[in-house]
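Chemist: Chains as they are written, first to last, in this note's numbering: chain C, 5 to 231; chain B, 146 to 560.
Treat the hints as calculated values from the structure; they're not laboratory data.
Possibly wrong hints are sitting among the right ones.
Said to hold, decoys possible - List time: in silico EDC-like cross-link candidates among lysine to aspartate or glutamate, alpha-carbon distance up to 16 angstroms: (1) B:K230 x B:D207; (2) B:K230 x B:D250; (3) C:K198 x B:E349; (4) B:K313 x B:E349; (5) C:K198 x B:D397; (6) B:K365 x B:E382.
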Amino acid sequence: MKKERVSVALATGALLPGALKILSRAGVARLSGAELGRQLLVDRPAVRVILVRPADVPAYVDHGAADLGIVGKDVLWESPGAHYELVDLRFGDCRLVLAVPASSKLAGPETWPPLLRVATKYPRTTASWFEAHGQSVEVVRLHGSVELAPQVGLVDGIVDLTASGRTLRENKLRIAAILGSSTARLIANQASLKTRTAAVQSLVGRLRAAAEQPARPRAAASPAAKQ
Amino acid sequence: MPGFRDLLPNEAEVLREAQESVLGEMRRWGYRHVITPMVESTEVLELGLGPEQRRRLFKFTDARGEVVALVSERTVPVARVVAGKLRSAPLPMRLCYAGPVLSTDEGRFQQRRETYQVGAELVGASGVVADAEVIALAARCLEATGLRRYQVDVGHSEFFQGIMDAVKLPADVKAGVRGALAARDFVALEELLSRTTLRSAEHELLLRFPALRGGAEILKAAGGLVRNHRSERALSELGRVLELLGTHGLGDVVSLDLGAIRDFDYYTGIIFEGYGPDLGRPVAQGGRYDGLLARFGRPAPATGFVVQLDLVWEMLTRAARPPELPRLDAAVAWDAAGLATALRLGSTLRLFGMRAVVDTQPRNHKEAVDWWRAVGAVNLVHCHTSTSTSWSAPGRRMLKLPPEQVAGRLAGSPA
Chain C
5 MKKERVSVAL ATGALLPGAL KILSRAGVAR LSGAELGRQL LVDRPAVRVI LVRPADVPAY
65 VDHGAADLGI VGKDVLWESP GAHYELVDLR FGDCRLVLAV PASSKLAGPE TWPPLLRVAT
125 KYPRTTASWF EAHGQSVEVV RLHGSVELAP QVGLVDGIVD LTASGRTLRE NKLRIAAILG
185 SSTARLIANQ ASLKTRTAAV QSLVGRLRAA AEQPARPRAA ASPAAKQ
Chain B
146 MPGFRDLLPN EAEVLREAQE SVLGEMRRWG YRHVITPMVE STEVLELGLG PEQRRRLFKF
206 TDARGEVVAL VSERTVPVAR VVAGKLRSAP LPMRLCYAGP VLSTDEGRFQ QRRETYQVGA
266 ELVGASGVVA DAEVIALAAR CLEATGLRRY QVDVGHSEFF QGIMDAVKLP ADVKAGVRGA
326 LAARDFVALE ELLSRTTLRS AEHELLLRFP ALRGGAEILK AAGGLVRNHR SERALSELGR
386 VLELLGTHGL GDVVSLDLGA IRDFDYYTGI IFEGYGPDLG RPVAQGGRYD GLLARFGRPA
446 PATGFVVQLD LVWEMLTRAA RPPELPRLDA AVAWDAAGLA TALRLGSTLR LFGMRAVVDT
506 QPRNHKEAVD WWRAVGAVNL VHCHTSTSTS WSAPGRRMLK LPPEQVAGRL AGSPA
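With these hints in hand, go ahead and build the complete structure from the sequences.
Modeler: Following this line, the structure appears as structure tokens:
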């Protein structure tokens, strides 16, 4: 049956190496980032892997163009949809934080002004987090170089994703609050789970097992993939 | 305007045909057609819609300052009618309806804010026979539209409610579990459940929700895991419905889905969804909602479903063999003395059930042929006088015949 091939959407960027590694560890497909980056769509006997921008992964999955997707929780915060969020794949750890200039007086919630101005690429998550904490906030939506905004006085602070905190330090910013922690998640199309249960569930099970087994040292991480 | 679109003749025709086929099937099962207004008072809608659905309504005030909304579904208006104008009509009552519904949310219907639904409601009948009737009707409606491959997943909202009763969790964690399930976020669910030390079979069931699918065998597997009355009763009802659907002749297309996640506050029993090939969303959905009618002052059990015509249309047009559109049977042209003949011939052809268009201006033969091509009809009949016409059709010589004979030949009867 042609449709027994399960399609998986992967996100470009920071999560891609981890996603390829887990596909390989789960014995699903061994792909190099270079090959996928060149072709964007690679077919293997049991899977079709497609590469799209992180923010587009939920769209591909929700519309059924991909059965499964591997995407950061941070993306799901911004675009909730009709997909099932099935597995925490336990890589791509990062935190969504409120960062303020190192020289700023702002620290914990008690020091925040009546109306806090923040710049972010995550307007939805930011607005709802501050609302839940009873803080009025003016969200300035930016598309890149968010770190610059507080330095030139556009905003009091920024809400952005950080893994190591290096970019923040380089821009003389410090963390004032943590809004949430994000890792890579496995999401699934609702109809795929129902109409092609066996094939999709078996792949989900293998990826779950691969996520739960502790990562092996790099040299040993080359299981002979069966596919 | 984003989310709204025009349906051009070909699309409109396929959609309309699908709607007629579904309504026709519903009528064959004894369902009577009702038409409710496009606009309802928000007071009425709020009796039946959850907070999320209310937020998505297109609302405005009418000239008297009353807040009204464009309907986003028609089960609630039908409940209003059953409890209102039809309150003295005996139950059970079978009603069906069709029409566009609107939502302000562009995401919900894949960027569409206006969609077309046909629905049926069986009000006043409780029990598995009524549940099975409505599911079987939904399946036959999908078939009636021409869909050849589809499947129906049947679940039960009480199976979940029973588990939630039985599972030993603090109230706030329970609320979190409901929230996580409603958002289909199993990572959050797992985390919530792992924080509590109490483990039970119910925990395991909740975590396996997306995988609880299958045939009758899954009832036994789940029955071994649940230890509460509500869930056990749900499983036994599902078993009966599955059996009845087999008798309806639908054994092959029905599966059980114990992990079906739907609006848990609204549905009170058997729920179901219909899926077509290669489409990421259900094309039909419905279930039992025994609580709604009471809110309108006429307590009664009820079950029903809607078919999403937009999605049916999408599947039909994407199928390997898209539905054939009926063609125009005849283009009737005329020259100076032929108008009366042309008008009479047009009437005759339509009387035979054919589609015929009569020209609005006289043409010579060459112009008539150009016009024929432009309108895309199968035949061209060029009327010259009351006794003489020229009949052209692809792949044959033009014939000069009297109009009665042309009509006879076109209608397929011997001239």
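Chemist: So, for every hint listed, does it hold in this structure?
Modeler: Verification of the supplied hints:
With a CA separation close to 23 angstroms, the supplied pair K230 of chain B and D207 of chain B exceeds the 16 angstroms bound. Simply put, K230 of chain B and D250 of chain B have alpha-carbon atoms about 32 angstroms apart, too far for the 16 angstroms limit, and the pair is violated. Between K198 of chain C and E349 of chain B the alpha-carbon distance is near 20 angstroms, which puts this suggested pair outside the 16 angstroms criterion. Restraint check: the Cα-Cα separation between K313 of chain B and E349 of chain B comes to about 13 angstroms, which is no more than 16 angstroms; the hinted pair holds.
A C-alpha spacing of about 15 angstroms is found between K198 of chain C and D397 of chain B, which places the hinted pair at or below 16 angstroms, so the restraint holds. Annotation: proposed proximity of K365 of chain B to E382 of chain B holds, straight-line Cα distance about 13 angstroms (limit 16 angstroms).
Hints 1, 2 and 3 from the earlier list are contradicted by this structure; the remaining hints agree with it.
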